[in-house]
Amino acid sequence: MSSNFLIERDGPVTTITFSRPERRNCLNQEIVLEFEHHLQDVRDDRECRVLIVTGQGATFCAGADTALFKDKSATDLREQRRRVSEFGKKLPRLIGRAFDVLAHLDQITIGAINGAAVGGGWSLALAFDFAIAVEGAEFWVPEVDLDVPFRGAPAAMLAAALGPWRAKEAILACRHYKADELLALGVLNRVVKSDQLMTAARELAKSMAAKSPEAIAATKRGINAVFLGQRQF
Numbered sequence: 002m003s004s005n006f007l008i009e010r011d012g013p014v015t016t017i018t019f020s021r022p023e024r025r026n027c028l029n030q031e032i033v034l035e036f037e038h039h040l041q042d043v044r045d046d047r048e049c050r051v052l053i054v055t056g057q058g059a060t061f062c063a064g065a066d067t068a069l070f071k072d073k074s075a076t077d078l079r080e081q082r083r084r085v086s087e088f089g090k091k092l093p094r095l096i097g098r099a100f101d102v103l104a105h106l107d108q109i110t111i112g113a114i115n116g117a118a119v120g121g122g123w124s125l126a127l128a129f130d131f132a133i134a135v136e137g138a139e140f141w142v143p144e145v146d147l148d149v150p151f152r153g154a155p156a157a158m159l160a161a162a163l164g165p166w167r168a169k170e171a172i173l174a175c176r177h178y179k180a181d182e183l184l185a186l187g188v189l190n191r192v193v194k195s196d197q198l199m200t201a202a203r204e205l206a207k208s209m210a211a212k213s214p215e216a217i218a219a220t221k222r223g224i225n226a227v228f229l230g231q232r233q234f
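My numbering numbers the first residue of the sequence shown as 2 and each following residue consecutively.
Hint data in this document are derived by calculation from the structure and do not stem from the laboratory.
Note that the structure is a prediction, hence the values are computed from the model and not measured.
A portion of the hints provided could be inaccurate.
To be verified - Quick list of the computed label-pair ranges, beta carbon to beta carbon:
#, residue 1, residue 2, range
1, Glu23, Ala174, 29 to 37 Å
2, Gly164, Asp42, 20 to 28 Å
3, Phe228, Arg47, 24 to 32 Å
4, Ile224, Thr67, 18 to 26 Å
5, Gly223, Asp181, 27 to 35 Å
6, Ala216, Gly164, 27 to 35 Å
7, Gln30, Lys212, 33 to 41 Å
8, Glu215, Asp181, 35 to 43 Å
9, Ala68, Arg176, 39 to 47 Å
10, Leu173, Gly12, 41 to 49 Å
11, Arg94, Ser208, 30 to 38 Å
Ideal Cβ placement from N, Cα and C applies to all residues, glycine included.
Kindly generate the complete structure, drawing on both the sequences and the hints.
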């Protein structure tokens, strides 16, 4: 079993859990590629009707694993930012690819967001069909402050969700949002207490699993086409 993810199957519902709580479930190339592989397994599993994605610990996903590109000997701030920028050209492409697979799954996808979703973590969360977050969870994209562009499908979805002015505030000003704020803006479906998160996600999964998978898939494709275009597997 992977040390980066836990995979659980309960009838028609599959749950993928980021399982690096000691690193705040942050992302590197290996983890993003493995996550994409698990998503492809879900995509090809005709018995799976609903996917839940969550994280262990107090963070859903803290974005890029900065330990990979921070050199303790590089004390100059500009050198640190240069390293971040170089790394930031590679990882967003991989995250964008995983976002694309996740957003275009025929199955219903539910994000059970157990804590902060930062950078690439919020990017992935924007791909869910439904998003339920715990009280106090924070969301932000620090890329511009790190000299890394934030663009592509996640930026398009954030603009669609927030509107152009608030999206620019979120992306260009790197504003932090609390779960309650995003709920009021219509970016989250529900905000619950932490001990109710998985119960709420599973109840929603059960209700969605009872619906026609053909109708679900066709309807999702129509909605996605408005914001993301069609994707052929």
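Inset, instruction - Go through the numbered hints given earlier and state which of them the structure violates, listing their numbers in rising order. - result: 2, 4 and 9
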